[in-house]
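Going down the list, the protein sequences come from chains A and B.
So the mapping is simple: this note's numbering equals the position in the first sequence, first residue as 1, plus 484.
So the mapping is simple: this note's numbering equals the position in the second sequence, first residue as 1, plus 55.
Think of the hints as simulated: they come from the structure by calculation, not from any bench.
All of these numbers come straight from a predicted model, not from anything done at the bench.
Take the hints with a grain of salt, since some may be wrong.
Pulled from the structure, derived: some chain B residues nowhere near chain A, Cβ distances all over 10 angstroms [what the hints assert, rightly or not]:
hint	residue
1	Gln95
2	Phe145
3	Val153
4	Arg213
5	Leu215
6	Ala224
7	Leu231
So the derived list for chain B, only partly shown, Cβ under 10 angstroms to chain A, looks like this [claimed, not checked]:
hint	residue
8	Phe78
9	Ala101
10	Leu117
11	Gly119
12	Gln127
13	Val129
14	Gly144
15	Ile150
16	Ser165
17	Gly180
18	Leu205
19	Ile209
20	Gln230
Beta carbons are placed, not taken as given, at the ideal position from N, Cα and C, and that holds for glycine.
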Amino acid sequence: MKTPGFDISLVFIWVMVAVLAFLAWRKGDGRMQRGLRRGFEMFLVNGPRVVVALLAAGFLSYLLPKALIAEWLGAESGWQGILIGSLVGPFFPGGPLVIFPVLVALLKAGAGLPAVLAFLTSASVWGLHRILMFEIPMMGFRFAANRMIASLALPPLAGILAFVIIRLLGPPGGFGS
Amino acid sequence: MRHPEKKKASLASQILGVPFWIFAVVAIAGGVITWHWKGQATVEQAILGDVDLFVFLVPRMLGGMILAGLVQVVLPPEIVAKWVGAESGFRGLVIASVVGALTPGGPMTSFPIVVAFYMSGADRGALVAYLTAWSLLGFQRLLVWELPLLGPDITFYRVLAVFWMPVLAGYIARQLPISSGPPPGAEVTR
C-alpha cells in the first residue's frame, strides 16, 4: 500500500481548518477556541482507539481467509459479491470506527471495490443498530420503514456503479481492485 | 493542559473507554494468533505496515477532527434546521442532502436534528434525503476516516457512485404511501 506523507487531501483539510477558524474567530465570543478544543478533544478520544483498531485490522488482514474473500467479494465476484456485500452490511454494528478498519482489511485481503462499496452503502443506509437505537425510538417505526424501503436499491446500485466507474476510469490507486 | 481536574478525568475515562479496550483485546488476540499461525516475521510485517499508516494518518485525522469541531461552532443546528424546514420540492431535497452531508457527528447529533426538522415542517422526503446524505456522504466521515484510510482514489470513486442517491431516496420516500404521525422523539428535543 502506498503511503504518501503529503498530498492534496492533507492540504485541503488544513486549508478548510484555517478558513473555518477564521470564520469562527470573526464572531468573537470564544467560539473559535471552543471549536478548536472540541476538535482536539475528539482527536484525543479517537486517536488511541484508531491506533488499536488499525493494529487489529492489520492482523486480521493476515488472518482472514483470503481465497474465500477473493471468491466471495473479489474483483471477479461480480453480482454475487455485490449481493453478499449488500446483505451483510446491515448487521455491522458501530460507526466509522468499526466499519473503516473492516473495509481496509477486506480490501487488503483482495475484496473488489464493487462488493466493498455495496457493503459500505448497505451498512450506512441500512445499519440495523442505528435504526433500532435511534431511528425507531426517535422518529417512529413508520418513518424508519419508509426510509428503509426508499433506500432498498441503493447498496446494489452503488456496487454496480462502482463496477461501471472502474470500467470507465480504470482501477483506483491505493489498494488496487 | 490547563483544564480543570474534573474535565481532565472525564476526558481520560473517555479515551480509555470501552471501545478502546474492545479494539485493544482484538488487536492483542489478533497479534497472538498471527504469531502462532504465521510466525514472528508476519507479526513484524503487520506492525511495520501499521506504523507507516499511522504516520500518514495522524496529520489528516487531527485536521479532520479540528475541522469537525469548528463546523459545530460555525454552523449551529438551529440555523441548519431553518434552511431545510423552510424548503420543499426538488430544491428542498437537494438542500436537505447538502445539509445532511455537512452535518458532523454521530446519530446522537443527526437524529435530534431530524426531529427538529420534522417539527419545523420539513416533509418526509427531505428528512430521508437528509439522513441518507448524512450516512452516505457525511463530510466529517469522509475527511476523518475515508480519505486517510481508503485514499483519494477510492473516496472519489465512491462519491461519484453515490452522490445522487440521497435525492433519489428522498423522492421515493415522498411517493410511498406511508404517512407517519408526530415522531416519538419530539418530547426529547423539547
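Where does the structure disagree with the numbered hints, that is, which hint numbers, in rising order? Of the numbered hints, 4, 5, 6, 7, 14, 15 do not hold.
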